[in-house]
Amino acid sequence: MKMEDFTGIGKLVRLNIRRDWKLLLAWALVISLYMVVVITSFIDLYTTPQMITQFVAETNSSLAEVALVGKILSPTLGALIAWKAGLPMYILGGLASFLVVIKYTRTEEDTGRLELVSSMAVGKYAGLTAALIVAFGINLVIAAIAIAILLGFGIPAAGSIAFALSIAVLGCFFASVGGIAAQVCGSTGPARAFAGGILALAYLVRMVADGTSISLLSWVTPAGWMEQVQPYSGNNWWIFALFIVAIAVLTALAFIISSRRDLDTGLMPQRPGPATASPGLRSSLALAWRLQRSMLFAFTVVFVVCGVLIGLITKAAADQMSTNPQFMELLARISGNAPAGDSFFAIFLVILGFVATIYAVLAALKMRSEENEMHADVILATPVSRLRWAAGNVAITLVGTAVILMVFGLVAGATYGVSMGNVGSELPRVFFAALAYLPAIWVIAGIAVALFGLLPRLTILSWGVLVVCVLIELGGDIKIVGTSIMGISPFDHVPMVLSGDNSILPLVGLVILAAVLISAGLIGFQRRDIS
Amino acid sequence: MSVIQISKLTKYYGKNRALNEVDLNVEQGEIFGFIGPNGAGKTTTLRILLGLLGKNGGSVSLLGGDPWKDRVALHRRLAYVPGDVSLWPNFTGGEVIDLLARLRGNVDKARRAELIQRFDLDPTKKCGTYSKGNRQKVAIIAAFVSDVELYILDEPTSGLDPLMEIVFRECIAEAKKAGKTVLLSSHILAEVERLCDRISIIKEGKIVESGSMADLRHLTRTSVSVVTGKPVTGLSELAGVSDIAVDGSSIRFSVDSTGLNAVIQYLTRFDVHSLTSAPPTLEELFIHYYEHAPEAKVR
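Chains as they are written, first to last, in this note's numbering: chain X, 1 to 531; chain C, 1 to 299.
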C-alpha cells in the first residue's frame, strides 16, 4: 500500500456526506430520540431507589430477560437505562454502520459508479477508507450526543461516557465487518446478508452465554464486550482497548482482501456455470424462485439453529426459574398459571417474529430491486403479464415466511418437547404459537407490496414500518406506549397461544388486511410506469 | 400495412416533457432507424411501445393492438433488446438466452447453437463477469433466437466490437429477407445508414425529420478532404462551400450536396492527388438543424 492509494479520501468523504446527510441525520436522531424516551420514561416510572431495586431484582431473576436483553448490572437509574437502551442501540447502530459502509463500497462498485470515480484522481483504497471514516465519524458523533443527553438528565458522568462510547465502538466494529463483507461478497445483497448474519450471530452467542451462564462465551462476541464494559457499575475502560484492537484487525483485514481482488469481483472466484438453463426455468415464477431461494435457505438455516438453541435453553431456564419463588410469584401475577418455560418461549417468539418479518420485507422488495436494476424490463417485455410476474414474487414471499415459521415451530417444539419429556403435547403448542405470527408478518409484507405497486419510490418506508413495530413492542414492555398506540402494530394482535389464547378472529382479520394490501399493490403495479 | 403507428405521442416525467407529439410510422417488412442523441427520447418511445410506460397523450398502435392494454398478446409477437443490458449476475449467458426464449415460446436449439457460434459467445460465463459487449450479445441472441414478427432494438451495437457488428448486420439482413420488421434505435448515423430503409430523427423529444437517407441527404453537407499538386484558389467563391481549412497541399472543406458536382469539377484544375469525401455524421445533421431549423427546437 502506498500513500497515493489513498488519494482523494477527503473528496469522497464530502461526497458521501453530501449525498446522504439526511439519512445520517435520521440515524443520529432516531438513536437520540430513543435515548430521551427511555430516560424520561424511567424517571417517570421509578421515582424512588426502592422501586428501582425491586425492578432490578425482578428482572435479573428472569432468565428469559437476562438471556434476551442481559443483566441489569446495578440498581441505579443509569444501569437501568443502559440495560434498556443497549439492545436497540446494538441492533440499530450495528445495522446502520455496516449498511452505510456497504452502500459506499460494494453498491458503488455494483452500479459502476466506482469505475467512474476510480478513473479520476482517486486512490484504490480511497473508497473503502472514506466509507469507514464516515461510519466511524457518525458513531462518534452519536456517542457525543448521547453523552450530552445523559449528562443533561443528570445521570453520572463516568458511566454515561462509558455507555455512549460502548455504543460507538460497537457501531465501528460492525462498520469494519461491513467493510470486510463488501470485499468478500460479489455484490450488495450477499454483502448485507453476510454482515447481518454476523450481527445476529454475535447477538445469539451473547444470548446463549447469558442464558446458560457460560461466561466464557460472552468474551467471543462484541455483544458480550458491550455488556462487559459495565457502565454505571464496573466502568471497565480496558474493554475499549479490546474493541479498538478488534476494529483495527478487522479494518486491516478489509484492506488486505481489497488489495487481493479485482474490481467487480469478490474473494470467491467465479466458476463457469451451465451452458443451458435447467428444464424448469421457463416461467417468471421459476425465475423468482431461482432469485430468492438462497435467501430463503439462509433464513431457514438461521431459524433451525435458533429453534434448537431456544428449545434446549428453555428447559434449563424453566428449571432455574422454578427454584426462585419470588419470580414464580411475579409470573403468576402476569400470566396466570402459565409454566415458566412458556413465558420464556413467548419472548423469543416476539424477537424471531421480527426476524422473520425482515425476511418477508426483503423478499417482497426483491421486485423493486429487480425493477431498479432493469431486470424487470427484460422479463416484462416478454409475454409475461405484470400480474403473473408480481404474483410469483409475492407467493414466494408469503409461502417462504410460512416455511420459516413452521420449520422453527417444528424444531423448537421438538427439542423443547424432548427436553420436557412430552413431545406429543409441546410440539403442537409451540408450532401453532410460532405460526400465529404469520398473519401479522403478512400484513407488513402487504405494506411493502402496496408501496411497491402504488408508491414505488417510497418502498423504503416498509423498513420504517418494521422499526415502528419494534419500537412499539419495546415501548410496550416498559409501558411508555399506551395500549391504543400498541394496537397500531399488527404484532399486538397476535394471540399468545402459549398462554392459552386460541382466538382465531384477530388472525382472520390480519389475513384479510394483508390480502387487501397485497391486492392494492398488485392492481397499482399494473397501472403504473416501470421505472 | 403499418406495424407501428404513433401519432402525437406525448410523455411527461413529472413536469419534464420527454416526448412532444412524436409521430412515427413503421411499415411491415422494413428496417426502420430511429436516431437521436442520448436523452432525446428514443428509449422512452420504445418503452411506451413495449407497454412498460404509459403515455400522456396521442395514440400508439403496435401490430394492430394497444401496447398498454394488449401487452401479453403483443409480446408474443415481438422481441426486445434493451439499450442498457442489465442481466442477473448469477445467471450464465446460456441460462438467460433459454429463459427469455422460453418465456416467448419454444427454443429452436439449432438456431440457438448457430447464433452462439456466430456471435462467439461463451454461454457458460456468469453475466456478472461479462463485459458490456458480451451482455449485449446475450440480449441480441436471446432476441434473434425467437421467430417473431417484430424486433425492437435499443442501441443494440453499443459495446460490440466491429467483427460482431458485421454479424449483427447479417442478422438484420436475414430478418429483412424473412419479412420481419425491425425498429432500430441508434445514435450512430453510419450504422443506421447501412441497415435502414427509412429513418426518423428525434431531438429533444420531437421528431425533426423523417424519410429515407436519400431524402435527408439533400439537407446536409459532405465533408471533403483533398490533396492537390497545385495550390487551390478561389474555392470560397463557389456556391455552398464553407469551413475551408488549408494545411500545406491538403485542404478540407464542407459543401452542400447541391454544390458538390460543381466543386468536384472545379478541383480537377489543381491536379488532384487524393480525394476523400465523407457523408454527414449525425453530429453534422444536428448542427444543420441548429443552424437552419431553429423552429424545430423544443423548449
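In short, the hints are calculated from the structure, not lab data. Glycine residues also receive a C-beta, built at the ideal position from the N, C-alpha and C atoms. Hints may be right or wrong, so weigh each one.
[As the list claims (entries may be wrong)] Under the rule of at most 20 Å between Cα atoms (straight-line distance), these lysine to any residue pairs were calculated in the SDA-like manner: (1) X/Lys366 to X/Ile347; (2) C/Lys126 to X/Thr111; (3) C/Lys132 to X/Glu373; (4) C/Lys132 to X/Asn372; (5) C/Lys69 to X/Arg388; (6) C/Lys15 to X/Ile530; (7) C/Lys126 to X/Arg388; (8) C/Lys177 to C/His187.
[As the list claims (entries may be wrong)] Covered, in the sense of this in silico footprint (three residues per stretch, anywhere, with C-beta under 8 Å from a C-beta of chain X), are these stretches of chain C: (9) 63-76; (10) 98-104.
[What the hints assert, rightly or not] Here are a few chain X residues that sit away from chain C, every Cβ distance over 10 Å (derived from the structure): (11) Gly186; (12) Ala248; (13) Arg282; (14) Val384; (15) Pro456.
task: Could you check that no beta carbon of chain C comes within 10 Å of the beta carbon of X/Gly186?
output: violated (7 Å)
message: Can you confirm whether chain X covers the stretch 63-76 of chain C, using C-beta to C-beta distances below 8 Å and requiring at least three such residues?
response: Satisfied; 5 residues make the cut.
task: Given the hint that X/Lys366 pairs with X/Ile347, test it: the Cα-Cα distance must not exceed 20 Å.
output: Given pair X/Lys366, X/Ile347 is violated - Cα atoms ~30 Å apart, limit 20 Å.
- prompt: Hey, does X/Pro456 actually stay past 10 Å from chain C on C-beta?
  reply: holds (13 Å)
Restraint check for C/Lys132 with X/Asn372, where alpha carbons must lie at most 20 Å apart: Status holds; Cα separation ~18 Å.
- prompt: Going straight from one Cα to the other, do C/Lys69 and X/Arg388 come out at no more than 20 Å?
  reply: holds (15 Å)
- request: Test coverage of the stretch 98-104 of chain C by chain X using CB-CB distances below 8 Å; three residues minimum.
  value: holds (count 6)
task: Decide if the proposed pair is consistent with the structure: C/Lys177 and C/His187, CA atoms, cutoff 20 Å inclusive.
output: violated (25 Å)
message: Just to be careful, I want the Cα atoms of C/Lys126 and X/Thr111 compared with a cutoff of 20 Å; is the pair within it?
response: The given pair, whose Cα atoms are some 17 Å apart, holds under the 20 Å limit.
field: Claimed clearance of chain C by X/Ala248, with the beta carbon kept past 10 Å
entry: holds (32 Å)
- request: Quick one: work out the minimum CB distance from X/Val384 to chain C and report holds if it exceeds 10 Å, violated otherwise.
  value: violated (6 Å)
query: In terms of Cβ atoms, is chain C entirely out of 10 Å range of X/Arg282?
result: violated (4 Å)
The structure does not agree with the numbered hints 1, 7, 8, 11, 13 and 14 stated previously, though it agrees with the rest.
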